[in-house]
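Protein chains in written order, with the working numbering: chain X, 1124 to 1441; chain H, 1124 to 1441.
Treat the hints as calculated values from the structure; they're not laboratory data. Just so you know, not all the hints are guaranteed correct.
[As the list claims (entries may be wrong)] Simulated pairs of lysine-lysine, DSSO-like, Cα-Cα distance not exceeding 27 Å:
#: 1; chain 1: H; residue 1: Lys1420; chain 2: H; residue 2: Lys1198
#: 2; chain 1: X; residue 1: Lys1420; chain 2: X; residue 2: Lys1178
#: 3; chain 1: H; residue 1: Lys1178; chain 2: X; residue 2: Lys1420
#: 4; chain 1: H; residue 1: Lys1420; chain 2: X; residue 2: Lys1178
Number of protein chains: 2
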Amino acid sequence: MAVYTAVPAEALATFLADYNQGDLVSAKGIAEGVENTNYLVETTRDRFILTLYEKRVAAGDLPFFLDLLDHLAAKGLPVPPALTGRDGRAVRELAGRPACLIRFLPGVSLSAPTPSQALAAGDAMGAMHRAAADFPGHRANSMGAEAWAPLLARCGRDLDAIAPGLYDDLSAAVEHVLAEWPADMDAQVIHADLFPDNVLMLGDRVTGLIDFYFACTDLRLYDLAVAHTAWSFDAGGRTYDVDVANALTAGYERYHPLLPTERTAFRTLAAGACVRFALSRAWDWLNTPADALVTRKDPLAYMRRLRHYAPALGSRTA
Amino acid sequence: MAVYTAVPAEALATFLADYNQGDLVSAKGIAEGVENTNYLVETTRDRFILTLYEKRVAAGDLPFFLDLLDHLAAKGLPVPPALTGRDGRAVRELAGRPACLIRFLPGVSLSAPTPSQALAAGDAMGAMHRAAADFPGHRANSMGAEAWAPLLARCGRDLDAIAPGLYDDLSAAVEHVLAEWPADMDAQVIHADLFPDNVLMLGDRVTGLIDFYFACTDLRLYDLAVAHTAWSFDAGGRTYDVDVANALTAGYERYHPLLPTERTAFRTLAAGACVRFALSRAWDWLNTPADALVTRKDPLAYMRRLRHYAPALGSRTA
């Protein structure tokens, strides 16, 4: 969410000369994306997002991500593929980083989606899952269910500095969720982070699905569960909007109606999503200085959501 | 240089409804400006920079800044004035901050200007000074010569943690520069921070002068001295490019040929500019945690420049 790498305009102009996309007119570093550096670039022909991949995105994962974007774009999804240069390559080096040029998409990320907007987002996720079902790539979910206990152990009792009882609450939650975790659901490539931030909309229309850098192979319905926890609450996790929640699910079910077993397991998947984001936010909280300019996201906002899906959990901190 | 205030898309759409400038299509927080929050906003009609003024810009100074932009734009300078809404006002509140909508200008900020680009920048500053000469507003330079000794005292011996000898070097420099400071030069409203960052260019053409939030009433030639220290060296202050430096001055002299007395005083003005930026960078260095995501700018890069203009100074640290 910051510009980590400064790109000199002169180097950017040279970089653009490798594409048939016109000459540099403007470049602004933008605060977007999961720990990558992004610039909004205008040329004499069009507008683009330039992404420089910082250390947190493993270079070995880049072909997976870029192939996935291509795959989805080719099927007509509002997903921007990386452009290839005159040499046919999509990734080249800029300012010491692997870098891609991606076509700009209009639309804004919503802060308070309405039910009709959530319906459209659920529908877009459903279409995306259908399009991704035959994608041949595979990538393990580095923040998936197997990662939670180790991450909890790495945080340890420091968690209680965030809120007294957080370690015990998260320990119980991890144990409970893993015990209930469904073993036999459909798995495929999913987005795994489809927060409102990552859906561009104009009015009630989805114009873009972005930031696939957590995409991975995992339970298909877990993707909806992640989105459900993100779309259905206010930022603090205090207010649940049942109309938005139901609309999101209804939109999704246009493509993938939930089976009775899936409906039963959904609360566990959503509780797992809450554990995942509470843990990653807690880790970042403990490892980001309070006065750094990145806003630390509150782990407790996810403990409050957890209680919605699993009322017996999180009682010490939410 | 960061997005300090998040603006919900819904609030931005409402804000735009107060202008005759079309409907919201896109909004990206951009890493630009002196501690203000800026968004690049696209509507169905045009593109804009949305600026939210954070605490470091005193609300009482806003009319001065906005009147100055209007004044310069009205005289044909490539300066973007703030747009007025349907109610005739240019400043309104958004996300709890005073906010303005400013027309987007094409162009990029250079990292390594050529002599012909420096010539154009000097020319643009000369034209700006001529246009600003009859601007009736007045604002004291909060980082002007009178501010250096107090700021040095506030930093104190902590400066030596940045580099041993820095306190003594800066003390001697402040004393020397103030003793030589010219008393009888033209004063008027100047930009006071016309680094390459704040000049948008396309090729050798200046397309925008931006970020007037240090603008103030001070010696006119001090503005050229500030730019001279910023444009004529590499970022580390180690290499002086005499061709760029001479071109900058030659461009400026198309409007304001330097008198012999001004030519003599110029080294003192430039040494003063070096003291000003070494001090403000040192202050920020001491007051910004090393692991914050804002890049701390190296004060010593300005001690090296100081030695170029005043070889007897800065010997302990540069």
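Hints and how they fare:
1. H:Lys1420 / H:Lys1198: Status violated; Cα separation ~35 Å.
2. X:Lys1420 / X:Lys1178: 21 Å, holds
3. H:Lys1178 / X:Lys1420: Holds: Lys1178 (chain H) and Lys1420 (chain X) sit about 23 Å apart, inside 27 Å.
4. H:Lys1420 / X:Lys1178: 23 Å, holds
This entry does not satisfy hint 1, going by the numbered hints stated previously; all others are met.
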